[in-house]
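J.: The residues making up each chain are set out below.
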Amino acid sequence: MMCEDCLERLSTYIDDELAVSERAQVESHLAECPDCAAELERLRELTVQLRAEPSLEMPAAAAARLDDAVSAALRERQSATAASSGTRATPPGWKKLFQPAFGGLAASMAVLVFAVIVWSGGGVGMNSELLQDGGSGAEERLLPPDNAFRGAKTAGPKTEEAETESSAESKVKELSAPQVLGADDGDSPRVFARDDLLFLSMPDMSAVERDNYEPIEVDGAVDSRMLFDEAARAETITASAAAQIVAGEQEAQLLFAESGRFEDATGVRDAWIVVVELNGAPVAAALTLDGEILYRTD
Amino acid sequence: MTVELSDRALIDRYAHGDGPAFSELVRRHQRLVYNICFRVAGPGDAEDLTQEVFMRLLDKVTQWRGDSKFTTWLYRLTLNHCRDALRRRRPDAVEVDERLIDPGPRPERTAESHEIADTVTAALMELPLDYRAVVFLRDIEGFAYGEIADILEIELGTVKSRLARARSRLCKMLEPIGPASHQRV
Chain A
1 MMCEDCLERL
11 STYIDDELAV
21 SERAQVESHL
31 AECPDCAAEL
41 ERLRELTVQL
51 RAEPSLEMPA
61 AAAARLDDAV
71 SAALRERQSA
81 TAASSGTRAT
91 PPGWKKLFQP
101 AFGGLAASMA
111 VLVFAVIVWS
121 GGGVGMNSEL
131 LQDGGSGAEE
141 RLLPPDNAFR
151 GAKTAGPKTE
161 EAETESSAES
171 KVKELSAPQV
181 LGADDGDSPR
191 VFARDDLLFL
201 SMPDMSAVER
211 DNYEPIEVDG
221 AVDSRMLFDE
231 AARAETITAS
241 AAAQIVAGEQ
251 EAQLLFAESG
261 RFEDATGVRD
271 AWIVVVELNG
281 APVAAALTLD
291 GEILYRTD
Chain B
299 MTVELSDRAL
309 IDRYAHGDGP
319 AFSELVRRHQ
329 RLVYNICFRV
339 AGPGDAEDLT
349 QEVFMRLLDK
359 VTQWRGDSKF
369 TTWLYRLTLN
379 HCRDALRRRR
389 PDAVEVDERL
399 IDPGPRPERT
409 AESHEIADTV
419 TAALMELPLD
429 YRAVVFLRDI
439 EGFAYGEIAD
449 ILEIELGTVK
459 SRLARARSRL
469 CKMLEPIGPA
479 SHQRV
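Top to bottom, those sequences are chains A and B. Per the numbering used here, the first sequence runs over residues 1 to 298. Per the numbering used here, the second sequence runs over residues 299 to 483.
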């Protein structure tokens, strides 16, 4: 081994990160070359010197300024959110396609998954009277199991839903009968698409306050200018980009989008919930805000 | 009994409107962020940059997905912010040309480094930021090569080469107080 090769490897050598064969070559050269051995010693001295550098405490005055600045920023955000929504703090960085219509969601009930409009087994999600409950264990019941969204078979509306609709509020009555997109086995979350809206039914959803949203029209057009790979690379994607990622190379129509929180066995994440029409069939999916698909129904 | 909430729990609370949870997160990690800013961007900017990082974190923190440790993610966010800030001020102090093998002659000391009493910190400040970052992560913070590659989002080979060149430069800069100088005395 030449000195130049040895010197290039000394840094990695002192960290014990060289391959065994390279290590042997370096050691063999060091035994014969006092210049390289001296350089090794200098490197060792340097790393000892650097490791002795202390961890620094932020000066008290600067720490106090930081605390003040953070508090002021938090107050400002809280005020801005209260002014715009009147009720519930919007999670930072979220795009809202829905506005709260009823009471706020208490911080202690911070278990909102991705359901926005709920078509519950016992009633229509828009009816707040049907949804009052504060029972414990809501979080567990809210978590979609691994088979959430499973199956994308389209089925007809159930009789029970038709009955519910007859007693629903006028706004709901205007909507057409829902399509069942998800599995309907009574245990899994169910997804309904109706007109331009998505309805998600969780088993035993009554434990959560879930009626504080009112839908706003979603622009159905997918931004065709954003290519699939561009969308997938974006740090924080738009709803259109999320739809494009689900669609891949295919043409698609965005039927629904909402930001929310998605939870599975790996944890809770901010997510886009989108429904796109692909080849004439609706596909629902959940994606992280940077474009990773967490669930899709097809 | 006091139960300390995890970073994940604090972030979830903040995501649902709990401001004090974010303040707790700031208190918990301000030392880490300040140290990164101090060592990588320099003592003169460390306080301002620390504040900027946490202001940025107000929007970004909910994007942490938990697939790496929160502190790893925070190192990356802070280093990227330092890099952006320094690039705006002194573009030549950030980029390194990976093709250059020879670290070159010992650079002239900058005005800023003259004001820094600590010799090691002053020498570090004369390195390009990309070199400084690997030295900071490896020799001061003690991260493994793989972790450094993860934080900086660079190849393992790049970690090795940057570290080798950065150390070589530092050895030259610190020579008067190193063992070589002792031999000459």
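For the record, the hints were derived by calculation from the structure and aren't laboratory data. Built from N, CA and C at the ideal position, the CB exists for glycine as well. Check each hint, because a few of them may be wrong.
[Stated by the list, open to error] FRET-style restraints, in silico, Cβ to Cβ: (1) A:Pro59 to B:Gly455: 49 to 59 angstroms; (2) A:Arg23 to B:Lys367: 28 to 38 angstroms; (3) B:Asn378 to A:Cys3: 30 to 40 angstroms; (4) A:Ala72 to B:Asp416: 32 to 42 angstroms; (5) A:Ser71 to B:Asn378: 24 to 34 angstroms; (6) A:Ala80 to B:Gly342: 27 to 37 angstroms; (7) B:Leu330 to A:Ala37: 34 to 44 angstroms; (8) B:Arg354 to A:Gly280: 39 to 49 angstroms; (9) A:Pro34 to B:Ser304: 52 to 62 angstroms; (10) B:Arg387 to A:Ala24: 38 to 48 angstroms.
[Said to hold, decoys possible] Reference listing, derived: stretches of chain A covered by chain B, where coverage requires no fewer than 3 residues with Cβ under 8 angstroms from a Cβ of chain B: (11) 1-11; (12) 24-30; (13) 58-64; (14) 240-248; (15) 273-286.
[Claimed, not checked] Not everything, but these chain A residues come out facing chain B in the computed CB check (under 8 angstroms): (16) Ser21; (17) Arg42; (18) Leu43; (19) Glu53; (20) Ala69; (21) Glu251; (22) Gln253; (23) Leu255; (24) Arg269; (25) Asp270.
J.: Hint by hint, note whether the structure agrees.
T.: For each hint, the structure was consulted:
no.: 1; hint: A:Pro59 to B:Gly455: 49 to 59 angstroms; result: violated (39 angstroms)
no.: 2; hint: A:Arg23 to B:Lys367: 28 to 38 angstroms; result: holds (30 angstroms)
no.: 3; hint: B:Asn378 to A:Cys3: 30 to 40 angstroms; result: holds (37 angstroms)
no.: 4; hint: A:Ala72 to B:Asp416: 32 to 42 angstroms; result: holds (33 angstroms)
no.: 5; hint: A:Ser71 to B:Asn378: 24 to 34 angstroms; result: holds (25 angstroms)
no.: 6; hint: A:Ala80 to B:Gly342: 27 to 37 angstroms; result: holds (33 angstroms)
no.: 7; hint: B:Leu330 to A:Ala37: 34 to 44 angstroms; result: holds (37 angstroms)
no.: 8; hint: B:Arg354 to A:Gly280: 39 to 49 angstroms; result: holds (44 angstroms)
no.: 9; hint: A:Pro34 to B:Ser304: 52 to 62 angstroms; result: holds (53 angstroms)
no.: 10; hint: B:Arg387 to A:Ala24: 38 to 48 angstroms; result: holds (46 angstroms)
no.: 11; hint: 1-11; result: holds (count 5)
no.: 12; hint: 24-30; result: violated (count 0)
no.: 13; hint: 58-64; result: holds (count 4)
no.: 14; hint: 240-248; result: violated (count 0)
no.: 15; hint: 273-286; result: violated (count 0)
no.: 16; hint: Ser21; result: violated (16 angstroms)
no.: 17; hint: Arg42; result: holds (5 angstroms)
no.: 18; hint: Leu43; result: holds (6 angstroms)
no.: 19; hint: Glu53; result: holds (5 angstroms)
no.: 20; hint: Ala69; result: holds (6 angstroms)
no.: 21; hint: Glu251; result: violated (30 angstroms)
no.: 22; hint: Gln253; result: violated (28 angstroms)
no.: 23; hint: Leu255; result: violated (26 angstroms)
no.: 24; hint: Arg269; result: holds (5 angstroms)
no.: 25; hint: Asp270; result: holds (5 angstroms)
Checked against the numbered hints above, the structure breaks hints 1, 12, 14, 15, 16, 21, 22 and 23 and satisfies the rest.
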